[in-house]
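Participant: Using the numbering used here, read the sequence shown as starting at 1 and increasing by one per residue.
Errors might be hidden in some of the hints.
Label-pair restraints from in silico Cβ distances [said to hold, decoys possible]:
| hint | residue 1 | residue 2 | range |
| --- | --- | --- | --- |
| 1 | Gly335 | Val425 | 55 to 65 Å |
| 2 | Pro6 | Ala161 | 31 to 41 Å |
| 3 | Arg211 | Val425 | 16 to 26 Å |
| 4 | Val425 | Asp183 | 30 to 40 Å |
| 5 | Pro78 | Gly335 | 36 to 46 Å |
| 6 | Glu36 | Ala161 | 46 to 56 Å |
| 7 | Lys165 | Lys217 | 46 to 56 Å |
| 8 | Pro78 | Ser16 | 21 to 31 Å |
| 9 | Asp293 | Ala22 | 48 to 58 Å |
| 10 | Glu41 | Glu141 | 40 to 50 Å |
I should point out that these hints are in silico values taken from the structure, not numbers from a laboratory.
Using N, Cα and C, we set each Cβ at its ideal position, and we do this for glycine too.
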Amino acid sequence: MQLEVPEGYRPQDAGSLPAYLAEQPELRSALGGAPEAWTVEEVGDGNLNLVFKVRGPAGGLAVKQALPYVRLVGESWPLPLSRAHYEHLALSQEARHAPGLVPAVRHYDETLALIAMELLEPHIILRQGMIAGTRYPRFVEDITTFTANTLFHTSDLALTAAAKKDLVAAFAGNSALCKITEDLIFTEPYMIADNNRWTSPQLDPYAARLREDGDLKVAISRLKLRFLGDAQALIHGDLHTGSIMVTESDTRVIDPEFAFMGPMGFDLGALVANLLLNYFSQDGHEERPGARDDYRAWVLETTRGVWASFGEKFLALWRGAAAAGDGYPAALFQGPLGAARLDQERKAYLDRLYRDTLGFAAAKMIRRIVGLAHNIDLEWIEDPERRARCEARALTLAREMMVNPGAFPSIGDVAEAAAELRGWVPKLG
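Please model the entire structure based on the sequences and the hints provided.
Facilitator: In structure tokens, the structure reads:
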């Protein structure tokens, strides 16, 4: 793929951005005063884009601009600017179905692949708060409202077949971002690949076993097939704890540039995976053994709550007036017997979704330890021996979740297994 940019595109910087924003009346009004009075801070710490915080006398904006390549790697990895279009489209859909749980968009410039949106303050990235051991009382309630509403309302359970097909078509072009997921999550961690890295030499035996594990390769390939072909609902596509901003009383989901019509369990699995990775990482961040026991318990309670609360809300939506889609048409389930049979099927559907969630969570955990783009939960553990022990425990649980999902009938069983692994001292290379 070649670097392709439209005429008029140029990356912004702290010097050029104020002049651009000043040309947009709504944005100039939101900031207030003259551009000379504005401050611009480049804060992009992600893998793909430029991100700025702009503050003026009247308020602030967050400005995100796509680059024509992967920022983490550089120009040797070109990436279409169209991802900004899909992010804008996804934010619009999410705001419709989960109002107040995404940042409000103030301006979109297709030529510059630039989105100006509400500046979220005093919010911080959830991942950073959890590394610090901060609890967020609203998180489970908010994130499950977001997932239940966005996934249900963009599925065949709520949409007519025509409306669903329109949504599939609208996001079908986001193939370059999907390709990143297909390679980095479902393929490369299980083979020799230039992008892979891990805590070496401590995890060398674990990485080698991944590449030699036939059962695991079959399991990840089945998950990849689901990702490739199951347009179940509009998924965020990258719903980890680095894509969520929080305060103790507010939660916002950001960065849906990977959005497309895919399997619901991928978003839910990403949440579960990142909570579990944070759980295992706590050993590396506590000042003395046992100092974070209470926080570890909160992380596992949160993990259980995410699945349980999502399920309750999803079923409530399906049992309500919003269930007007062409999937499971109401005309087939009239009367008490029909209603009871449909309710059984709803629960079976949720059971299948739970199994998907376990598999996708495992895939996410594995890629964050042996693939490209690791989690700072683990990366910020300075002692490699200590970090590798945390990572080995996470890899061990992930392998079992993917290959033997039947061993975890409930999310409580996953939490229990994670807690048991804390006492295990892995043998490192």
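Participant: With reference to the structure, classify each hint as holding or not holding.
Facilitator: Hints, one by one, checked against the model:
For Gly335 paired with Val425, a C-beta distance near 59 Å keeps the hint of 55 to 65 Å intact. Hint check: Pro6 to Ala161, Cβ distance near 35 Å, so the stated range 31 to 41 Å holds. With their beta carbons about 24 Å apart, Arg211 and Val425 fall inside the hinted range of 16 to 26 Å. Here the CB-CB span from Val425 to Asp183 is close to 34 Å, well matched to the stated 30 to 40 Å.
Range check, Pro78 to Gly335: about 58 Å between beta-carbon atoms, so the 36 to 46 Å window is missed. Glu36 and Ala161 have their C-beta atoms about 55 Å apart, which keeps the hinted 46 to 56 Å range intact. Between Lys165 and Lys217 the beta carbons are some 33 Å apart, a value that contradicts the proposed interval 46 to 56 Å. In this structure the hint that Pro78 and Ser16 lie 21 to 31 Å apart at CB holds, the actual value being about 23 Å.
In this structure the supplied range 48 to 58 Å holds for Asp293 paired with Ala22, their Cβ-Cβ distance being about 52 Å. A C-beta distance of roughly 31 Å is found between Glu41 and Glu141, which places it outside the suggested range of 40 to 50 Å.
Consistency with the previously given hints fails for numbers 5, 7 and 10, ordered from lowest to highest.
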